[in-house]
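2 protein chains.
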Amino acid sequence: MAFYQSGDTIVALSSAQGSGAIALIRLSGPEAISIAESVFSKPLSQKPGNSVQFGSIKEDQRVIDEVLLSLFRAPHSYTGEDLVEISCHGSAYIIQELIALFCKSGARQAEAGEFTLRAFLNGKLDLSEAEAVADLIASDSRSSHELAMKQMRGGYSKALKDLRQSLIDYAALIELELDFSEEDVEFANRDMLQNLLKDILLKVGSMRDSFHAGNALKQGIPVVIAGRPNAGKSTLLNALLNEERAIVSDIAGTTRDTIEERFVLNGTSFRLIDTAGLRDSSDAVERIGIERTHHELKKAGIVLYVFDGSNTDPATLQQDLDSLETGAAHVIPVCNKTDRMEQHPNLKFGAIAGVIGVAAASGHIQHLLETLSSIPDTIKANQGNLLVSNMRHYQALANTAAALESALSGLDSGLGGELLAFHLREAIRHLGSITGTIDADELLGSIFGRFCIGK
Amino acid sequence: MAFYQSGDTIVALSSAQGSGAIALIRLSGPEAISIAESVFSKPLSQKPGNSVQFGSIKEDQRVIDEVLLSLFRAPHSYTGEDLVEISCHGSAYIIQELIALFCKSGARQAEAGEFTLRAFLNGKLDLSEAEAVADLIASDSRSSHELAMKQMRGGYSKALKDLRQSLIDYAALIELELDFSEEDVEFANRDMLQNLLKDILLKVGSMRDSFHAGNALKQGIPVVIAGRPNAGKSTLLNALLNEERAIVSDIAGTTRDTIEERFVLNGTSFRLIDTAGLRDSSDAVERIGIERTHHELKKAGIVLYVFDGSNTDPATLQQDLDSLETGAAHVIPVCNKTDRMEQHPNLKFGAIAGVIGVAAASGHIQHLLETLSSIPDTIKANQGNLLVSNMRHYQALANTAAALESALSGLDSGLGGELLAFHLREAIRHLGSITGTIDADELLGSIFGRFCIGK
Numbered sequence: 003m004a005f006y007q008s009g010d011t012i013v014a015l016s017s018a019q020g021s022g023a024i025a026l027i028r029l030s031g032p033e034a035i036s037i038a039e040s041v042f043s044k045p046l047s048q049k050p051g052n053s054v055q056f057g058s059i060k061e062d063q064r065v066i067d068e069v070l071l072s073l074f075r076a077p078h079s080y081t082g083e084d085l086v087e088i089s090c091h092g093s094a095y096i097i098q099e100l101i102a103l104f105c106k107s108g109a110r111q112a113e114a115g116e117f118t119l120r121a122f123l124n125g126k127l128d129l130s131e132a133e134a135v136a137d138l139i140a141s142d143s144r145s146s147h148e149l150a151m152k153q154m155r156g157g158y159s160k161a162l163k164d165l166r167q168s169l170i171d172y173a174a175l176i177e178l179e180l181d182f183s184e185e186d187v188e189f190a191n192r193d194m195l196q197n198l199l200k201d202i203l204l205k206v207g208s209m210r211d212s213f214h215a216g217n218a219l220k221q222g223i224p225v226v227i228a229g230r231p232n233a234g235k236s237t238l239l240n241a242l243l244n245e246e247r248a249i250v251s252d253i254a255g256t257t258r259d260t261i262e263e264r265f266v267l268n269g270t271s272f273r274l275i276d277t278a279g280l281r282d283s284s285d286a287v288e289r290i291g292i293e294r295t296h297h298e299l300k301k302a303g304i305v306l307y308v309f310d311g312s313n314t315d316p317a318t319l320q321q322d323l324d325s326l327e328t329g330a331a332h333v334i335p336v337c338n339k340t341d342r343m344e345q346h347p348n349l350k351f352g353a354i355a356g357v358i359g360v361a362a363a364s365g366h367i368q369h370l371l372e373t374l375s376s377i378p379d380t381i382k383a384n385q386g387n388l389l390v391s392n393m394r395h396y397q398a399l400a401n402t403a404a405a406l407e408s409a410l411s412g413l414d415s416g417l418g419g420e421l422l423a424f425h426l427r428e429a430i431r432h433l434g435s436i437t438g439t440i441d442a443d444e445l446l447g448s449i450f451g452r453f454c455i456g457k
Numbered sequence: 003m004a005f006y007q008s009g010d011t012i013v014a015l016s017s018a019q020g021s022g023a024i025a026l027i028r029l030s031g032p033e034a035i036s037i038a039e040s041v042f043s044k045p046l047s048q049k050p051g052n053s054v055q056f057g058s059i060k061e062d063q064r065v066i067d068e069v070l071l072s073l074f075r076a077p078h079s080y081t082g083e084d085l086v087e088i089s090c091h092g093s094a095y096i097i098q099e100l101i102a103l104f105c106k107s108g109a110r111q112a113e114a115g116e117f118t119l120r121a122f123l124n125g126k127l128d129l130s131e132a133e134a135v136a137d138l139i140a141s142d143s144r145s146s147h148e149l150a151m152k153q154m155r156g157g158y159s160k161a162l163k164d165l166r167q168s169l170i171d172y173a174a175l176i177e178l179e180l181d182f183s184e185e186d187v188e189f190a191n192r193d194m195l196q197n198l199l200k201d202i203l204l205k206v207g208s209m210r211d212s213f214h215a216g217n218a219l220k221q222g223i224p225v226v227i228a229g230r231p232n233a234g235k236s237t238l239l240n241a242l243l244n245e246e247r248a249i250v251s252d253i254a255g256t257t258r259d260t261i262e263e264r265f266v267l268n269g270t271s272f273r274l275i276d277t278a279g280l281r282d283s284s285d286a287v288e289r290i291g292i293e294r295t296h297h298e299l300k301k302a303g304i305v306l307y308v309f310d311g312s313n314t315d316p317a318t319l320q321q322d323l324d325s326l327e328t329g330a331a332h333v334i335p336v337c338n339k340t341d342r343m344e345q346h347p348n349l350k351f352g353a354i355a356g357v358i359g360v361a362a363a364s365g366h367i368q369h370l371l372e373t374l375s376s377i378p379d380t381i382k383a384n385q386g387n388l389l390v391s392n393m394r395h396y397q398a399l400a401n402t403a404a405a406l407e408s409a410l411s412g413l414d415s416g417l418g419g420e421l422l423a424f425h426l427r428e429a430i431r432h433l434g435s436i437t438g439t440i441d442a443d444e445l446l447g448s449i450f451g452r453f454c455i456g457k
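Line by line, the protein sequences are chains A and B.
This note's numbering puts the first residue of the first sequence at 3, with every later residue one more than the last.
This note's numbering puts the first residue of the second sequence at 3, with every later residue one more than the last.
Fair warning: there could be bad hints in the mix.
Which copy is meant is left open, because identical chains are indistinguishable; a pair holds if it fits in one copy or across any two.
Simulated crosslink set (BS3-like; lysine-lysine; CA at most 30 Å straight-line) [what the hints assert, rightly or not]:
#, residue 1, residue 2
1, LYS200, LYS106
2, LYS382, LYS301
3, LYS60, LYS163
4, LYS49, LYS126
Everything labelled a hint here was simulated from the structure, so no lab data went into it.
Please construct the entire structure, taking both the sequences and the accompanying hints into account.
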């Protein structure tokens, strides 16, 4: 991506490709208004910003379209520049003719993300807010929408800026000490400095660690359905999806490939992953399937451990749960086939916490659905407003934390002031890269290349 | 399609479906502004028409999106009603949430074409202009765009209204004569009446007959490539398309199925149709192919009659051209393989008009391309502004002409005044149906059902 040549005016189709009643074309830059005026049927130079004109666009004597033209004057526009939005008939031919005409009149085709890049460069958005615009457009559930909206509206940037400010204040304190080190003046004692740094590290670390949860809310929480063969895992998957997705049979070991399906519950996406039943098997294909189950369990956010309530005793269940190797924050023992049990599951498995009874084959899974749908709120409540959902931010936070740890261990071992200051500067730089307080072409390219053309 | 319930406010996505930077949602009706205001972050009731506001749309406390909201006040809007356009982020989730919110707030989802229907019912467009909006959105070449644009901007309606007015004036003259018939007063002599009617019929007939050409310009002019086997028809098709579309071999009878491809030259679409070579064949499949060639020739707008210049003598060519059964307005004898000829084609075939030399295999087809690209202008010049491209209009014009012919033969045979008046009323009614001077639910449904939702 060739970067910001100030002085030129860009043009692109901003609404979706394809046939629609209306299409929207945007022009941004110093010549946006004069270029539009040169082909429009009415004078524009005296029109106020935020006004709409109806008229026709002509090339020589040929009318290309009758359009609505909205005018925005710098800095009161999305990009912070003069901006013209043209709402034309949604014909591919008309769109192509209009964009060609604007290019002939002095504009150039915009690169992907270039409108938002200009908004960033003109200080209308910081980097993390700009990234949230792309996330917002891609959002497909209430949770991912909520994350992106919070980030775009700056709540997240505010927290990062506060954190960065406390690091800068801290660094200033250290530099001051350095200046006076010969004179043996102590502005803050070492213990106090250490506690201050530990406090900042704690906050950075907690933001970094929220990535797992934040990313799950954005991409869908991975829910692994595991258990012994014939416990009814595939039947449960089908019941949750309300369709016959997985093949179900009485034969143990029916499922071998892992099956993954998205499913939105109460505004949050879940990625349901049905797996091969856990047992020692002599069948080679089944053994590969079981290997995959173990792999999925490690990456899971939630595990639904399904067992057949009618033929499982509590001791075996406890043993199975204890031997489960998973990184999931939530493991839910799901007691299936309650309709074939003589006892209520709570009576039989009372000693094991959180057992939920279902009869998957007849679709009785209401209690499980309620439990699942409460988990996103738990995640959000645990993390406050500071959920990190962007891989670039996660890496920057991890780098910040690493630099802070170096500084902290330096303090412990009596590291020289200059080296301490170096680690602190590193931490400040990494934290600043999230909102774009530092910039580099490489960084910008990697962010704005994700956008679609016209944004 | 349930029709116009005045009093309700409609909402729809007006930009194309799919992911884009921006999407456009329209609200139209008496409550459009108050519904928008009830969820928007700023008051709207005092804002002037044709103004744009930036703000956020909230449901309860949750921000759904930050949007640009354009306000249009009746009657200065596309529909002639109060109209609000919301330009939001192009996420399918946000679009769905916003439309659901507007529906909760009192709007209902618009039917296909309902915005344009309201524009028609409020007198912003007549019927033929409204139909042109759909044609404009579907237009995919300069010629189809030009036809639709002329029709939308009313040039066509003006001609129809003038024609209708002269019929009404004529009918008034007849009715006047009827009133005074007992008194043997003659306001206009029969010969004059007859000449007047003949003149109107001539104009209606010429518009009706322009449908063939108008429809060809809209849908693509059918160009049939015909000729004897091995003349190089498929080679010519490939050269025109600049790709290896048809299988080419030295074996006579290679092409059996007709092959059809669209191709845009100088702003006009052509439908190129390659056919089986014309000869007596004993091969059953080839015979079916030759049958199809005859069928295509009848429907052709242009025939490219291809022959091998190196082994065809002028007399045979003249014979072949004479025996060609086609309805095409243009038959172009294309002399192929000029690179293997000793003489210049103009010398060898000088006696036959309009022969064009090509060497299709080596891509020398420039002269043919020039001839083809001049044909649309010839069509437009012949027909003036009155090209009919809509099947409904064609039928209405044909009905008008039929009624006028009945009136005319009635004049000849001394038909009674009442019957004459009946035929004239029929003619006026059919002509009026094109611009919607008469209306019927059935007629409206068939027109507006063609639109996409949101228009």
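For LYS60 vs LYS163, is the C-alpha pair at or below 30 Å within one copy, between two copies, both, or neither?
For LYS60 and LYS163, only the inter-copy Cα distance (27 Å) is at most 30 Å; the intra-copy one is 49 Å.
At most 30 Å between C-alpha atoms: does LYS382 with LYS301 qualify within a copy, between copies, both, or neither?
within (20 Å within a copy, 68 Å between copies)
Checking an output row: LYS49 and LYS126, CA cutoff 30 Å. Within, between, both or neither?
Both. Shortest intra-copy (23 Å) and inter-copy (25 Å) distances satisfy the 30 Å Cα cut-off.
Check LYS200 against LYS106 for me: Cα-Cα at most 30 Å, and say if that holds within a copy, between copies, both or neither.
neither (60 Å within a copy, 50 Å between copies)
Figure legend: structure checked against the earlier numbered hints; the only hint not met is number 1.
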